[in-house]
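Participant: Knowing the structure of chain A, use the given hints to seat chain B on it.
What follows is each chain in one-letter form.
Number of protein chains: 2
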Amino acid sequence: MRFDSAGLQVLSREECMRLMASCPIGRIVFTDRALPAVQPVNFYLDGEDIVIRTTAGSKLAAATRRTIVAFEVDDFDTVARTGWSVTAVGHARAAEDPAETARLAALPLTPWAPGSRDHFIVIAAEQISGRRILRAA
Amino acid sequence: MRFDSAGLQVLSREECMRLMASCPIGRIVFTDRALPAVQPVNFYLDGEDIVIRTTAGSKLAAATRRTIVAFEVDDFDTVARTGWSVTAVGHARAAEDPAETARLAALPLTPWAPGSRDHFIVIAAEQISGRRILRAA
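Quick note, the sequences are listed as chains A and B, same order. Sequential numbering of the first sequence, starting at 340, is according to the working numbering. Sequential numbering of the second sequence, starting at 340, is according to the working numbering.
So here's chain A without its partners, still in its complex pose (with noise of 0.2 Å):
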């Protein structure tokens, strides 16, 4: 095991594309009017890609456009405080294709909110890094 100067657990790109994986929720982080902005959303993990179903219209649609962004997953026990995060960063882009599309449409990822979502994004994860919060000795 390999640890950082935090003393957290250095995860390897295959357990964090791993634990990725087995969460339905995480945090996309991008830049809104020059601010630091950060919103949960439901997404799946294509490969090493992160699939984001959203509106055309939205905000994160027009704010996540051709720009880098950062998504991260996490999972803590408060009682134990132990953990783990992932986070990805890499080119955001809107699938435009429409094949691409009808591909990912077939994904199953199931907007949470309500209404209809039919603008997917597409996050490669180019850089990954993830931490562990071990059990204190």
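Worth flagging that the hints you see were computed from the coordinates, not collected in a lab. None of these values were measured; they are calculated from a predicted model. Hints should not be assumed to be uniformly reliable.
With beta-carbon atoms standing in for the labels, derived distance ranges [said to hold, decoys possible]:
id	chain 1	residue 1	chain 2	residue 2	range
1	A	VAL349	B	ASP343	34 to 40 Å
2	A	ASP457	B	THR417	22 to 28 Å
3	B	HIS430	A	ASP457	16 to 22 Å
4	A	ALA445	B	THR417	20 to 26 Å
5	A	GLY386	B	ARG357	36 to 42 Å
6	B	HIS430	A	GLU354	32 to 38 Å
7	B	GLY454	A	ASP416	17 to 23 Å
8	A	ALA360	B	ASP436	41 to 47 Å
9	B	ALA419	A	THR440	26 to 32 Å
10	B	GLN348	A	ARG405	27 to 33 Å
11	A	ARG357	B	ALA360	30 to 36 Å
12	B	ASP385	A	VAL349	17 to 23 Å
Beta carbons: idealized from backbone N, C-alpha and C, even for Gly.
Facilitator: Just chain B, lined up with the frame of chain A:
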């Protein structure tokens, strides 16, 4: 109840503060070398200030010095597909006054990560917004 254009319930500032105080873990959103960054941390809500305990030499301490950050807290039920999220945006600063540092050190805020952490980051919740996803009808 008020709903936004995405069909999510809009929470009042009072409700946002109450929910934020109910949760020990949040995510600080900032910029690290011009890239969006996010890090989960445990925190204490001190009035309307978010207090985080870290080490003076940490990346988080360096990246959040005199800047505007976002701070997000959420809780989702992945079976019922319901939940809420609250995001505060405001100026972050390092506590430097010895009297303030002593007061913050006495708060019920114990770092989850190992090691000594005697550097306090204080975020003023200047803007706050919250949303709730209700159970689908």
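Participant: Now look at each hint and say whether the structure bears it out.
Facilitator: Status of the hints after comparison with the structure:
| no. | hint | result |
| --- | --- | --- |
| 1 | A:VAL349 / B:ASP343: 34 to 40 Å | holds, 39 Å |
| 2 | A:ASP457 / B:THR417: 22 to 28 Å | holds, 23 Å |
| 3 | B:HIS430 / A:ASP457: 16 to 22 Å | violated, 38 Å |
| 4 | A:ALA445 / B:THR417: 20 to 26 Å | holds, 22 Å |
| 5 | A:GLY386 / B:ARG357: 36 to 42 Å | holds, 40 Å |
| 6 | B:HIS430 / A:GLU354: 32 to 38 Å | holds, 36 Å |
| 7 | B:GLY454 / A:ASP416: 17 to 23 Å | holds, 20 Å |
| 8 | A:ALA360 / B:ASP436: 41 to 47 Å | holds, 46 Å |
| 9 | B:ALA419 / A:THR440: 26 to 32 Å | holds, 29 Å |
| 10 | B:GLN348 / A:ARG405: 27 to 33 Å | holds, 32 Å |
| 11 | A:ARG357 / B:ALA360: 30 to 36 Å | holds, 33 Å |
| 12 | B:ASP385 / A:VAL349: 17 to 23 Å | violated, 32 Å |
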